[in-house]
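**Q** Turn these sequences into a full structure, and let the hints guide you.
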Amino acid sequence: MNSLRTRLLLWLLPLYLLSAAVILWANYLHYRDSTMAFMDGQMRRLALAYADQLRGDPRLPTLPPLDEDHVEHDGTVAVQFWDRDGRLLLSSTWSVHGLTLQQTEGFHDLDLDGHAWRIYTAPTTVPRVQVLQSGEFRRRVALHSAEESAEPVAILIPISVLLLWLAVWLALRPVGRLVQVIAAQDERSLTALPLQQVPAELQPLIASMNGLLARLKEAFAAQQRFVQDAAHELRTPLTALKLQVENLRPQLPEGQSARLESGIERMQRLVEQLLRLARQEAAPQPIGTEPVDVAAVLRQSIGDLVPLAEARDIDLGLLSAEAAEVRADARDLRSIFDNLLENALRYTPAGGRVDVSLKQVDGAPQVEILDTGPGIPPESLERVFDRFYRVLGTGTQGSGLGLAIARSAAGRAGLRIELVNRSDRNGLVARVAFTRS
Amino acid sequence: MRILLIEDDRMVGTDLKQALGQAGYSVDWVEDGVAGQAALVQGGYAAALLDLGLPRRSGLELLTAARGRGDPTPILILTARDGVEDRVAGLDLGADDYLLKPFAFQELLARLRAVLRRRDGHAQSLIGSGELQLDLANRTAHYHGGQLPLSAREFALLHALLERPGAVLSREQLEQRIYGWGEEVSSNAVEVIIHGLRKRLGADAIRNVRGLGWHVPKEAS
Numbered sequence: 000m001n002s003l004r005t006r007l008l009l010w011l012l013p014l015y016l017l018s019a020a021v022i023l024w025a026n027y028l029h030y031r032d033s034t035m036a037f038m039d040g041q042m043r044r045l046a047l048a049y050a051d052q053l054r055g056d057p058r059l060p061t062l063p064p065l066d067e068d069h070v071e072h073d074g075t076v077a078v079q080f081w082d083r084d085g086r087l088l089l090s091s092t093w094s095v096h097g098l099t100l101q102q103t104e105g106f107h108d109l110d111l112d113g114h115a116w117r118i119y120t121a122p123t124t125v126p127r128v129q130v131l132q133s134g135e136f137r138r139r140v141a142l143h144s145a146e147e148s149a150e151p152v153a154i155l156i157p158i159s160v161l162l163l164w165l166a167v168w169l170a171l172r173p174v175g176r177l178v179q180v181i182a183a184q185d186e187r188s189l190t191a192l193p194l195q196q197v198p199a200e201l202q203p204l205i206a207s208m209n210g211l212l213a214r215l216k217e218a219f220a221a222q223q224r225f226v227q228d229a230a231h232e233l234r235t236p237l238t239a240l241k242l243q244v245e246n247l248r249p250q251l252p253e254g255q256s257a258r259l260e261s262g263i264e265r266m267q268r269l270v271e272q273l274l275r276l277a278r279q280e281a282a283p284q285p286i287g288t289e290p291v292d293v294a295a296v297l298r299q300s301i302g303d304l305v306p307l308a309e310a311r312d313i314d315l316g317l318l319s320a321e322a323a324e325v326r327a328d329a330r331d332l333r334s335i336f337d338n339l340l341e342n343a344l345r346y347t348p349a350g351g352r353v354d355v356s357l358k359q360v361d362g363a364p365q366v367e368i369l370d371t372g373p374g375i376p377p378e379s380l381e382r383v384f385d386r387f388y389r390v391l392g393t394g395t396q397g398s399g400l401g402l403a404i405a406r407s408a409a410g411r412a413g414l415r416i417e418l419v420n421r422s423d424r425n426g427l428v429a430r431v432a433f434t435r436s
Numbered sequence: 000m001r002i003l004l005i006e007d008d009r010m011v012g013t014d015l016k017q018a019l020g021q022a023g024y025s026v027d028w029v030e031d032g033v034a035g036q037a038a039l040v041q042g043g044y045a046a047a048l049l050d051l052g053l054p055r056r057s058g059l060e061l062l063t064a065a066r067g068r069g070d071p072t073p074i075l076i077l078t079a080r081d082g083v084e085d086r087v088a089g090l091d092l093g094a095d096d097y098l099l100k101p102f103a104f105q106e107l108l109a110r111l112r113a114v115l116r117r118r119d120g121h122a123q124s125l126i127g128s129g130e131l132q133l134d135l136a137n138r139t140a141h142y143h144g145g146q147l148p149l150s151a152r153e154f155a156l157l158h159a160l161l162e163r164p165g166a167v168l169s170r171e172q173l174e175q176r177i178y179g180w181g182e183e184v185s186s187n188a189v190e191v192i193i194h195g196l197r198k199r200l201g202a203d204a205i206r207n208v209r210g211l212g213w214h215v216p217k218e219a220s
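Respectively, the protein sequence lines represent chains X and H.
With numbering that gives the first Met the number 0, letter number 198 in the first sequence gets 197, and the count goes up by one each step, no holes.
With numbering that gives the first Met the number 0, letter number 127 in the second sequence gets 126, and the count goes up by one each step, no holes.
Keep in mind that the hints were calculated from the coordinates and are not lab data.
Computed from a predicted structure; not experimentally measured.
Which residues of chain X face chain H? A few of them, derived with a C-beta cut under 10 Å, are:
#1 Ala230
#2 Arg234
#3 Pro236
#4 Leu237
#5 Ala239
#6 Leu240
#7 Val270
#8 Asp303
#9 Ala308
#10 Ser356
Ranges of calculated distance between the beta carbons of each label pair, as one might list FRET restraints:
#11 Leu169/X with Leu90/H: 50 to 56 Å
#12 Thr72/H with Asp312/X: 40 to 46 Å
#13 Leu90/H with Ala277/X: 23 to 29 Å
#14 Gly410/X with His143/H: 47 to 53 Å
A virtual CB, placed ideally from N, CA and C, is assigned to each residue, including glycine.
**A** What follows is the structure, given as structure tokens:
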């Protein structure tokens, strides 16, 4: 339970419910007491009225008869007259077993045979007046009035819990906004997070994150600078070498300048591939990538490699390209296709054929590159992805980095590359399987 | 023809000067940005080859200053920086072309010739690749030195292909260029036009890439 919102609510809700309960209890006590006092007053006024009447005229008045139902359920006050010796002279209700004339005047609470009674004995007259009311009824009335007073509070509880939740949500909204700002960042836009509109409690966190971002930006920039510098330092001597061969051409036998050139060409390819790998691995994992049109990337890749295919007299073509979109960095896809295609074109003998297709297989896009080259010996199929590993005896001088670059890009994009020898003839199938469409 | 070479690397400078000399150009070579700027101000060069990473004054500053003065000397950037931003910045600041090191010398010569042709004005309306060029002014193709008149549709199609030699254009892209919006397109119109052009220009002038479309091969690759 590490959610700030949950924790806040876990603290606030019980506190809130507890205070609501205390309010309800205090309400209940207050209403009970005032109801009781009100009913006591009624009893006392009734008893004193009879007492007054008896002082003027000692004859007993007639009392309306009351049955048990009235007394117990409706709470009607029963009246009794007693003589000086404590004998019951007249009662408006049945005789209550065990009830005697109370010796002191005033209020008394009695429990007679399991029935609670409230009794008021009037100040001395002849005969004595005593009134009584059902304790059960009094309790019911007090409870009822307390309930009625509690109703608004009870209705307010769920409403204020909702308001509480809303307040917590509003208080935490700046955090959600920060999350969006952070999610929108990538290695090319490491900008400091906004400090305004952020709660004071979060500002130290944001400030230290901004420090981290700044250092990260610095590190990326340093890495980029290194790759740029390396590119420059490696390419410049190659340029000079190429020009020297050009200058020497008139003095060199035909075959020799061609061999020199192909050696430089190979060096150049190696340098470019090394730079590509360094750049790709220096780039951080892409986050929040946009959907990419696989067919469009594939077409660009093929289009750019047409000159190589023509130079090597290889019939390069796109057999099918179904519409497919995937969430990946287009540069990673491009790197995968470029390297797999280049491999196919380099290892296929002149006059051969390279066919590319993009299909939906089991709901996920899949790219296949079929060549008519020698294929790969089964024992080397896994090792060809290692850096600088080369299959012996192919007569082709690759950099040994193409498949390593492709696999590293595939790892970043979350794709799988499979190499399978063709079953219908010599040749290799390079398959790029997308796991999600 | 005098060419100004602004390049700080001794090895590249020496060899490039020699190679350009063998190709018939006379080359003045300076090794830093300040000397480069002075030479440009002095003027009299048919074109300048400019490295970007120069000591004392960067190539891009030089370029900005030259174009700010209204110096029309064609400037070709030679650099080992391959960032797209660098390329765009260079061309935006008024460079005539941008060549990445290490380049093939033949490619440099071709680009240099193209830049010089453009400077001479008569190439303003010429686009194309090597042997095949299109004259936008009078709608003719120049091929192996000869001139071929073109129909409107042939011209539109070649124009599309020669805007970026080497780029593969799909049938849909070509059809859009040949016809106005909403006009009926017969299913094999593009093939018919290309067939006709190949008959006159040679089978290799326009090449097909299966499943992708057509392109005109780039001159020096």
